[in-house]
Each structure stands twice: as C-alpha cells, then as structure tokens.
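A.B. asks: Below, each chain spelled out in residue letters.
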Amino acid sequence: MRFLAPIVGLLSLASTLLPTTLADSKLSKFTSLTAGSKLKGIVRLNDALYTELTTAPRNYAAVVLLTALDKRFSCTLCQEFQPEYELLAKSWIAKHKTSDGLFFGQLDFADAKATFQRLQLTTAPILYLFPPTTGDNVDVAHIGTPYQFDFTQHGTPAEAVAHLISQHTTYAPPVSRPFDYVKFGGMAGLLLVAITIVSIAFSIIKPIIYSRNLWAAISLIAVLLFTSGHMFNHIRHVPYVVNDGRGGISYVASGFSNQFGLETQIVAIVYALLAFATISLAMKTPRIENPTRQKAVILIWNAILLVGFSFLMNLFKQKNGSYPFFLPPLF
Amino acid sequence: MSSMEALLKDESTRNIRRLLKVVILITIAGAAVSSRLFSVIRFESIIHEFDPWFNFRASKYLIKNGFYNFWDWFDDRTWHPLGRVTGGTLYPGLMVTSGAIYHILRMLSMPVDIRNICVLLAPAFSGLTALATYLFTKEMKDESAGLLAAAFIGIAPGYISRSVAGSYDNEAIAIFLLMFTFYLWIKALKDGSAFWGALCALFYFYMVAAWGGYVFITNMIPLHAFVLVLMGRYSPRLYVAYTSWFALGTLGSMQIPFVGFLPIRSSEHMAALGVFGLLQLVGFVEFVRYQVPSRQFKTLLKALIFIVFALSSAVLVLLTVSGVIAPWSGRFYSLWDTGYAKIHIPIIASVSEHQPTAWPAFFFDLEMLIWLFPAGIYMCFSTLQDQHVFVIIYGIMASYFAGVMVRLMLTLTPVVCVSAAIALSNILDIYLSVKTPAAPAVGAPSVDERKEKKPRVNILSAGKDSIVGIYSKASRIAVVAAFSIYLFVFVLHCTWVTSNAYSSPSVVLASRLPDGSQHIIDDYREAYYWLRKNTPDDAKIMSWWDYGYQIGGMADRTTLVDNNTWNNTHIATVGKAMSSREEVAYPILRQHDVDYVLVIFGGLLGYSGDDINKFLWMIRIAEGVWPDEVKERDFFTPRGEYRVDDGATDTMKNSIMYKMSYYNYQSLFPAGQAQDRVRNAKLPAVGPTLSILDEAFTSENWIVRIYKVKDLDNLGRDHASAAAFDAGKKKSKRTKAGRGAQRKLRVV
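For the record, the sequence lines run as chains G and Z. When we follow this note's numbering, the leftmost residue of the first sequence carries the number 1, and every step to the right adds one. When we follow this note's numbering, the leftmost residue of the second sequence carries the number 1, and every step to the right adds one.
Treat the hints as calculated values from the structure; they're not laboratory data. Think of the CB as a built atom: it goes at the ideal place given N, C-alpha and C, for glycine as much as any other residue. Wrong hints could be hidden among the right ones.
[To be verified] Label pairs and their computed distance ranges (CB to CB):
hint, chain 1, residue 1, chain 2, residue 2, range
1, Z, 312, G, 189, 25 to 33 Å
2, Z, 233, G, 287, 21 to 29 Å
3, Z, 336, G, 38, 42 to 50 Å
4, Z, 682, G, 255, 23 to 31 Å
5, Z, 44, G, 257, 27 to 35 Å
6, G, 245, Z, 526, 55 to 63 Å
7, G, 51, Z, 708, 51 to 59 Å
8, Z, 641, G, 257, 30 to 38 Å
9, G, 28, Z, 689, 50 to 58 Å
10, G, 257, Z, 496, 45 to 53 Å
11, G, 177, Z, 526, 32 to 40 Å
12, Z, 233, G, 247, 20 to 28 Å
13, G, 51, Z, 265, 54 to 62 Å
Chain G on its own, in the form it takes in the complex:
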C-alpha cells in the first residue's frame, strides 16, 4: 500500500488544482436544480445527471438514493424508506436554502436502467454517500468508492442516515419531524369522547367499574399471561408454531429456555384449569347442598386436577429431559 500513497496524493493534488472551475459549475448547477425541484430538497436524477453528480471533482457532498418506487417491483423497503428520505432532505433544505454543498439525489430504476446495470445492482434501495474530493474536507479513501448505508442494521432510517452523513462529512443534517396534527387531533377527540361517555353513562358504568368479578377476571388473566411466559414471547418474537421437518408441526420448543407461542398458551390454559379446580374445590363444592351431587363434583374436579398436573409435569419433562418426577396417569 505504501507506494500507492504518493499516487493518491498526486491525484488529489491534481484534482484540487485543475478542475476547480468544473466542480464549481457543478455545485451551482445542482444548487439551482435542488431549488427548482418538485420534491422538496431532492434532485430527481437520470443516468447523465447521476454520472455528473457523482464523478470525481466534487467540492460538495452528495447523498444518492437508488430506489425502485414503481408498484411493479413491489419493493416495500423502498416505499417505507421514501418518506424518511424526503423528511431528511426537507429538514436540510429548510435550514439551508442554498443547499450549502450537501445534495440529496434520487435515482429511480424506471429512469435509469443503464446506471443500475453499470453498477451491477440487483437490489434496492441502496443509499450512497459521496464525500467531497476537493476543498478542505477531502476524504482520500473514498474518492472512488462512496460510503454505503446499511439498511439491515438501523431502526429509524432518517436519523440513521443523518448519523452516517455527520460521521463521514462535515455536515450534520438535522431531522425535524413535523408535528403530527392528525394524530394529536385524533387522540384529543377520542379522549373527549371517552370523557363524555363516562360522564353521561357513569351510573351505568359505575357498577361495572366496581365489579369484583370483573377485576378478579382481569387480575387472573394478567397473572396467568405473565407466569406462562407471555413477556418472553413479546420480547423475543418467538414463532407461534414451527414446522418439525417431517410435514407436521411441533408446538413444544426443545430446550429449557426456549418456547413457542402455542406452547405458552397451552401452559396458560393448564394453569387456569388447575387454578379453577382448586377454586371450585375450596369455594364452590362446599356450597352444594345435594350430597350426591357434591360427591360427584368433588370427584370430577379432583380427577381434573390430577390429570392436569400430570400433564403439566409431563410437558415440563419434555423441556428438561433429566427431570425425574411424574404423576400418574401420564408418565
């Protein structure tokens, strides 16, 4: 690499001396293009403009989004990213009326098949950042190859692109998300409606709000959900069921600290069954006045309890192979 350094140095020297006028003319051209663009802050590019914008003498930085917005390509990521990109460009142009040397370009596959072929691109969207090649802020390592934005890694794209730009150039574009009046209005309206309903129908709602049965049900459901591992599903996004590779489905995940959605629901139902059997035995059956009926009901609940608990231990044994205990009838 060492012998390359002087060449690169020479190149950059040459590019600083000779074509400053060329770069300047490009700068003013794209500044006016940006100002006159329909999409606020974004220059719609074609093959020629793309080449012009991205080739070597640049005393500006250019961000180019290569995308395929047409419905035919069914590129959902392109569609999702588009408003984010527009937001970023809009935020920049709002603060910097004359672009100040940072351009946002957009190249649609429909307009520029040749460029896509030349760059051998088969996927979209792709976002390039071309740092300046002349001037004070030259990025020697990236004269030929631009920075590429990694779509797989980042959560909120506009901020992430802004971060990329501020990392590699001297520009730090802000992202100002407009206040969402529709959402705010909707929420306020809903709140008003709710307050009105409550205040009008309070006498009807009051017994429901103070209903012990309702609160008991809510509490039990919450407890059963949480203790059967629902939060794990929520956080880890586990699959509901999984194909077991032999044409069937497997609904019990292998491994002690792993589970599927259906599996937790089965566990929750078993817990609920066992809890209700206990409640019935403790609270309902002693209130039955008919001796024969009482005997039958106690017997049934007792059997349900045994079978349910046995099933639960069996299920646990599937998760933890070395578990030595069991209850009849399931071994």
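Following the hints, position chain Z against chain G.
C.D. replies: For chain Z alone, coordinates are given in the frame of chain G:
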C-alpha cells in the same frame, strides 16, 4: 375426635398450640437452612460466583478498618486508573450486618471467622424470611395459612436460588427485609398505628441500606394506598400509616450516601411523593366533610381535589422534562420498554439474569405453587379487605416483572408462597374439618328461594351461597390424599432443584468422570492463586468485567473493570482492546498500565461460559463508544455466522481475544486435529501468533489463561518486526529509531 377438636379449638389448650406453632416454625427454619447447605457439604465453605466476592472483600475491609473508614473508603485497586469511591457507591447493609454479627459473636467470646459468617448469612436469614412470611400471611388469613406460607418460602427454589450458603449477596438479607417491611406496613394499615408505621419506616431504611431493589417497596406501598383511595377505602388508618411511613422512611433512606437526594430528585420515587400529597388532600376533604354538610361545598371540594391533583402532576411532568427530576434510570426504564436496553444500554442487556423468563423457569422455581397462585389471588378477591388488595397488586406487578427479567423471580416468590398458602389452607380448612353437615331435610327451602332472600351485592360469583360443608368422608379423604401427594412431590422437586441447579459455587466446577465419581475442576482458584503468588503486589490485571470482583477478592490484584459496571466507557475500552488487532491493542494496554491480561477459555473442557462466547458483548459495548473502530459486522462471516474455525473473518482472527484464547492450543492435538469443544469447531492447523503478549500461565484445564504484556522493545522496533526478527524471518532493517535505541510507544 372430640379430644382432637378440643386440642385445636379449646381455650385451655392455647399454650400447647402456641408451643406447637413455635416448634413448627423452628422446624421450618431448620429445613430452610439445611436445604441451603448442599454446596458447603459437597464442596467447602466458600464464597460463590462474582458479586459475593466483592461483598466479602468489603466485609473484610469493614472489620479491619472500622465503620468510619469503610464509609469513606476510596478503593484504588479497582477501575485502574480511576479508582472507585466504594463507600459512597455501595449498599452497606449486608456488610454492616455481617460485621455486627462478627462483633457480637466476638463479644460472646465465640471467635468465628468472618468468611464463615459471610457464607452462612444467607441460610440464616432464610429462616428469618420464613418467620416474616408467616407473620405476613397470618395478617391475610390465619395462622395455619401462615405456617404453610412459611414452609413454602423455606424451600421454594425461586428463593433458594439466591440464598444458598456462600451466595453472600444483597438479596440474601433483602428478601427478609422486603417481607418484614410489608408485614409492618399491613400491620400499620390495619391498626392505623403510627408506631407500626415508624417500625415499617425503620425496616424500610434497613432495606434501602441493603439492596437496590428497595425501589420495589417505594412504589408498592404508594400504589396500594392509591388503589385503596380509588376504591373509596380512604380511612384515617391509611392516612396515619402512610404518612408516618413516608416521612420517616424517606428521611431514613436519604442517610445512605449512595441514595442521597434521589428520593426527591428521581422519577422512581415520585409516586410515593405524589400519593403523599394526594392523601393530604383527601384527608383535608374528609375532615371538611364532617364539618360542613353542604352538598355544593362537597362538589366544589371534589373539583378542587381534581384540579390540584392535575396541576401537581403537570408540575411533576414539567420538572422531569426540564431535568430537575431525573428521568427513570435505564435499568428501571427497561422493565417497561422492553426493547430499550438492547438498543441503548447493551451492558444491561448482556447480563444473563436480565433476560426474559420462559415458562419452564417459572415451573422450575415454583412447581405447584405456580397454579395455586392464581387460585389464591381469586380467594383474596372473595374476602377483599385492605390487606388483600395489597396481595393482589403485589401479585400482578411481581409476575409482570418476573416475566420480563429472570432475576426478578426473586421478588415474585414470596407473594406466590403467600397466595398459594391462602389457597391451600382454604382447601385444607374445608376438607380437614371433622364436622359432617346433616343432609338437607326434604321440603327445606331450595337454593334458589334462599338466594332471593339474601340478595348480596358485589360479591364473587363463587361465593354467593353460604358454606354447607362436605358430606362424604370419601371425598374428603380423596382431596386431602391428592394434595398430600402433591405436597410430597413438591418437597422432592424443591430438593432436587436445589441440589442440582442452585448449589454450585461456580468458582469450583464439578463434573462426573466416566466411572461416575465426582471430579472437581478448580482452575479459577488455581489461576487466582498463581496471580497472588507470582505477580507484584501492584500488578494490574485486565480481564472482562465479569471476573473483576473475583480477581480483587481472590488474587488481591488491581483490576481495570469489575462487576460494578459504573463506567461504561472504561468497560468499552477493555472491550476495544480485546477486539482489536495487536498494534491497536498494545497502546491501550500500555496507557492503562496493564501488566497481565486474563482470559477464560472453555474450548478444551466444553465450558460454555467462556470469553469467546461473551465476546460479542464486548464488541457491542465497544462499538457503542467507538462505532468507527469496532464493528460487530466484521466479526461475522458474509453469511452472518459467528465462526472461530478456518472460516472466521480476518478481524476475528486478528483480535487479541481470539489469539489469546487459541494461542498454542493446537499443540495439544495431533497436527490439524485441534478441536474447540464448546463451539464444535475444527481449528486452523496453524495457530495464532502473539507478538505483544507472552503466555504467563495456563491452568490445568486451560480454563484460565494469563498473558504478560511485553515491555517496549529495547531497540525501538514494533513488536511484530521484533518477533519476526527473533524468528529469523526477516533481516533487521536498521531504522533511525533503532540506532538511537529509543523505546517509544507507537499509537496506531
């Protein structure tokens, strides 16, 4: 039968019953303590895991230097070169407790080694926890439920997991304090007594001194009070209990240096303050209500309450936004926004006990209690007194927290025990009763008619009619027998879990040889002892933060980072050094005065908790601080695999962590056969080379590997070319620096 009845109910036998109760409680405490001694019997009286080693070291410091020096302790042997204001950044409750026990035993002329006190503190306190749970449950139902709850908490694995002998951690005493504070709160609320409220505040203070989880109490009690007010259950009893607890408890908690002014400046404590204000308002209105009978005035007051409450909430929000009140700290915030930690605080997400809980863990830790728990909650609804509201709220909140974080299973366990005891004791009350009801006479009013006679409002559907009793002896025997079997299996389960899962010190590992005999793997202590004996007293050891406390405690050497994790940047620095090339790592090591680097390697033994498996977290944490220099992406193959064999990426192979782990490893195997038994990978035939580090020590099973950082080259060369020269590969190129023999650090 009648004699039995007389024994259980009669006034004259009260003393016998009391004696029986005491005997049962002592037996439970005995069972609780003895089931926690597996590890002491199997291994030896040794401090476990990681954090306990720091607590142990701090306790020794306290005993040696006295309380005031302990309070002002600045520790320059950790977090080199920053040091740590240890006295002001720890919860001193645990150390002070064992220090007090040590001095009391001394006074009784029983000189017990501080190590034994520390090892046995957790089991001893578990006996006290059983007592506190008994008292708490007694307030909920009756003494028999209390005894059941005490028995459950005594052996429930969910609590044993953090309180076996040797796990000398804050939780060891905190669960006792938690339950006792809650008991005192219920007592204060029931009696409306400022005395019990003050006692509650006193134990709350102790809890604040002992464990960061005190915030759970700080929010549970206000939540309970708030729900009671919403239910229209405000009473002067509540007012007295709450205000006395809040005022004294808050003042008390501010005496702990680590907590300081947090109770008035952080969001976690604002609920308590808000409910305090609300109670003043409600109290004032109730007072006026008795004086002024006017209806309009009441409406006006209601509006006033609403406005003041809304205004003060708005002020709170404003203060939070403007930054006067600190927002929720990340650790607590991540409980609500469960995706938060993974993105913003990888160091919290990296800890295995902060992962969400899968259902088998609940069953593993609580067995039958887990399904008795909802039943008990339902029964709390049937006799919905103020204290039952507490159990319900506690149950729901704790099960949510336990679902989000494995570690918080610990706070769930007590309420599960209480609730399950209520359910089970209800069943036993009914089915163990010797009274047989008379069969209903023919022509007696049917159930439906009676229902009409007694219309009860707002009662649970299961509790509408009055209890008749159980007619048949057979059904009684069937139910009692079934539950006896379940209880028996429960005891077996608890013992099995405790013995198999929770009794390993993790400092010493046990494995089985093919012939079934036990083989002890003692690499950690071997290595730490080597450090203690073979390195200078002021040597600085760099390792990943997990081992900081152990190095400090066992090897008594200075570390760069430890389990306190107070400084993320410093940890990221270590992560960066570990994940960088040698040329990049060397200046970092030199600038931090590192003499030795310690890595944990499990490849030979198949020990999966080693540094290569933790490596991704080091990279992530380092990337959080230096996104340009360390990139997680570079450690994955283009196909997204994390590999250590031939297919590993160059960044991976060049990182000093990889090199230190596999250095010379292939020499153990026939050529080309080197095998990593953790990741089931065949390693490259040519092992990595190291030029900035010298292998200093490798333990018997290769778990701990220690490297010495080379000094600067005498001829001013960089280490790579010096190593190449020594190997005879390259001719010495005489450079300017070489001629002057200037030793200088090259920063890349």
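A.B. asks: Evaluate each hint against the coordinates.
C.D. replies: Do the hints match the structure? See the list:
no.	hint	result
1	312/Z <-> 189/G: 25 to 33 Å	holds (27 Å)
2	233/Z <-> 287/G: 21 to 29 Å	holds (27 Å)
3	336/Z <-> 38/G: 42 to 50 Å	holds (44 Å)
4	682/Z <-> 255/G: 23 to 31 Å	holds (25 Å)
5	44/Z <-> 257/G: 27 to 35 Å	holds (30 Å)
6	245/G <-> 526/Z: 55 to 63 Å	violated (45 Å)
7	51/G <-> 708/Z: 51 to 59 Å	holds (57 Å)
8	641/Z <-> 257/G: 30 to 38 Å	violated (22 Å)
9	28/G <-> 689/Z: 50 to 58 Å	holds (56 Å)
10	257/G <-> 496/Z: 45 to 53 Å	violated (19 Å)
11	177/G <-> 526/Z: 32 to 40 Å	violated (58 Å)
12	233/Z <-> 247/G: 20 to 28 Å	violated (59 Å)
13	51/G <-> 265/Z: 54 to 62 Å	holds (59 Å)
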